[in-house]
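Chains W and A, in that order, are what the protein sequence lines are. For the first sequence, numbering that gives the first Met the number 0 assigns the number 0 to the initial residue and increments by one for each residue that follows. For the second sequence, numbering that gives the first Met the number 0 assigns the number 0 to the initial residue and increments by one for each residue that follows.
Hints were generated in silico from the structure; no laboratory data involved. Just so you know, even glycine gets a beta-carbon here, dropped at the ideal spot from N, CA and C. Each statement offered as a hint is correct.
Reference listing, derived: stretches of chain A covered by chain W, where coverage requires no fewer than 3 residues with Cβ under 8 Å from a Cβ of chain W:
1. 84 to 92
2. 132 to 138
Examples of chain A residues lying across from chain W (beta carbon under 7 Å, computed):
3. 47
4. 52
5. 80
6. 95
7. 141
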Amino acid sequence: MSQKPKVAFYWCASCGGCEEAVVDLAEDILTVAGAVDIVFWPVAMDFKVKDVESMPDKSITASFINGAVRTSEQEEIVHLLRRKSVYVLSFGSCSHLGGIPALANLSDRQTILEYVYKGSPSTENTQGLLPQEKYTDEKGRTVTLPRFFNTVRALDQVIDVDYYIPGCPPQPKTIKDGVMALLSGNLPPRGSVLTPDVALCDECPLKKTKPEKLVIQKFYRPHQIIADPTKCFLAQGIPCMGIATRKGCDAMCIKGNMPCTGCYGPTSRVSDSGAKILSALAASVDATDEKKIQEILSGIPDPIGTFYRYSLASSLLRRKMVDRGG
Amino acid sequence: MTDKFEPRIVAFFCNWCTYLAADSAGVSRKQYPPNVRVIRVMCSGRVDPQFVIDAFANGADGVLIGGCHPGDCHYSEGNYKTLRRYQLLKRMLKGFGIDERRLRLEWISASEGDKLQKVITEMTEEIRSMGPLNLPSKIKTEDKELHLSGVKP
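For reference, chain A alone in the conformation it holds in the complex:
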C-alpha cells in the first residue's frame, strides 16, 4: 500500500448529548479529522452490538460510541446499558483478534464540543498508528482456500 492510510471510524452519537456536541463543535469552527462517519441514534443505548460488529466486518477501522454522561441520559439509563454492553463487547472483540482500542465509548455532553474534538483527533491518530483492520479483504483472502467455489461470494 503506497497511499497513506486514512482510518475509517464509524461514530454512533446520541441525539441528546454527543450529536449536539458535534453540532456545537461545527458552529464554533473547531477542526477535527474528517475520518469519522457520524450516525445519529436516539440514545447510545440504541447501539446494538450487532451494529458495531457489522461496522468492523464491513471495513471500519474503529468504532466510536458517544453518549450522555452517567446520570444524564435522556431515557434515564440507556447509557448504563451501553456501558455494560461495551465492557463485554470489548472483551469479546479481543477474542476475535480485534484490538480493543478500536472500540471506544465516550461520554460527551452537548456543551463539550472541545472534548468531542479531542476524542476524535486522539482516536484517529491512535488508529492511524495501529494501521488498518481490513476485515473484508481478510475474509476474502481466507476464502481463497475454497478451490471449487466461484459459486459463492
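Next comes chain W alone, as it looks inside the complex:
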C-alpha cells in the first residue's frame, strides 16, 4: 500500500463550481493527484459513505469541504469527515462564509418549500405535495429524505475547521498555494485563511485611480452604466467590495471590468463584513441633508444582498429574525 497522504473532497450546498475549480488546476492537478490518494470524492469517483466509515479515525490527512450546510445529511457527512481527518479545509465561499445559498437566511424553510414546490410559475403540483422526511408505502417499505434546515450555515458553524481556502470559486493559484502549504507541512496558525490578509485594492490594477477622498454623488449598479475600464469602480459610483475583501484572486473580476463582489471574504480585522462595507460606502455619500442622502442611498436598493452576498451565514446577525415587537 502506498504511504501517500489521503485526501477527501465533499460538496454540501453548493453549485458545483468549486469542484470545477479543482479540475481548473489543469496540468497542476496531476502534480496534486500524484502526491495524494483520493479516498472520497462523490462528484467524480465511486466511493461510498461506508468506505469512509470503515476507515480508522484521523486516517485522512485532509478533507476539502465545499458548500454551505443546509441539510441533515450534509451535517452528518461533515461530522464523519471531521472525525476521520487530521485537517478539515473549508473550500470556497459557501463553506467559508455561507456563500450565495446563505442568502436564503433572509427567508425560512417553510416559505422556500412552499414556493419551490407549489408557488413558482413553472411548478405544477396539483396535489399540493411537499417533500416528507419519511414515507411508508402500502407494502410497508419506508424511505427517508434528509431534513432541510431553516438556517444555512458556514462549515465552521457546524464542525471545527482548520483552514480556509476562500473564493467563489477559489482561483487555481489560491488552491495550489493552499494545497502546497498543506503538503509541505509549512502551515500558518490553525484557523487561518490561506490567502494574504490584505485588501484587494492592494493588487488591483486600478489602484492608482482610487481617489484619496471618496465622494459619491450617485450609485450605479453594474448594468446601469458602461464602466470605464481604466478607472477605480468606486470613483465611478459603482459599489466595489474590494476595499473590504481579501486579495488573492489576482483581481479577476476587475480585469473583466466588473466590480468586486466580495467572494474572498473579509480580512481578519473585520468582524462583520457587510457592516464594514456599508460604513465605507455610506460615509462617502456627497450630501449633508437627509433627503439628498436618502436619494443617493436609494442607488443601493438591496444592501443585504450587496454587502453580505457571500457572508450572510457567518455575519453577526446570521439571518432574518422575527422581531415580535412593533
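Use these hints to put chain A onto chain W, whose structure you have.
Below, chain A alone, put in the same frame as chain W:
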C-alpha cells in the same frame, strides 16, 4: 417571562456634545431611566455599524447614537458620516427583521441635558412597549435544528 421586561439600550455618546449633556443632566439631577449603558466615543462618526450590529447580536434591545448637531462636529463632518451610515443601516436592519425604532440617532449638544433626559425616557418607553429583541436566545433556538452538534456552541 414573569419578570417585567427592562429594555437594555446601548448608547454611544460623542465626547464633545452628548456625553457632556449626560454629565450636565447628572449634575442638574435630572432623572431618566437606568436602561441605557453609555459608551463614550470621541465622535459619533467613530460608531462603526459593526458596533451597532454587535450590540444587537449580543442582546441589546435598542441602540442610541448621540452626536453634535449638524455643523457643530468637533471634527467638522463626523456627524454627517454618522447620519449617512445610519440611514442605510436602518434600512438594512429592517431587512434583518429588526424594527427600525430600535436604532435611534439624536443630535444632543452639551447644553441639552433636558433633551437627553427626554430622548432616553422616550426611547426606553417605546422599546418597553415593543418588547425584547432577544437575538442571542433566538440564535440558540435556531441552532437546535442541528442534531449531531454539541461540538460547536
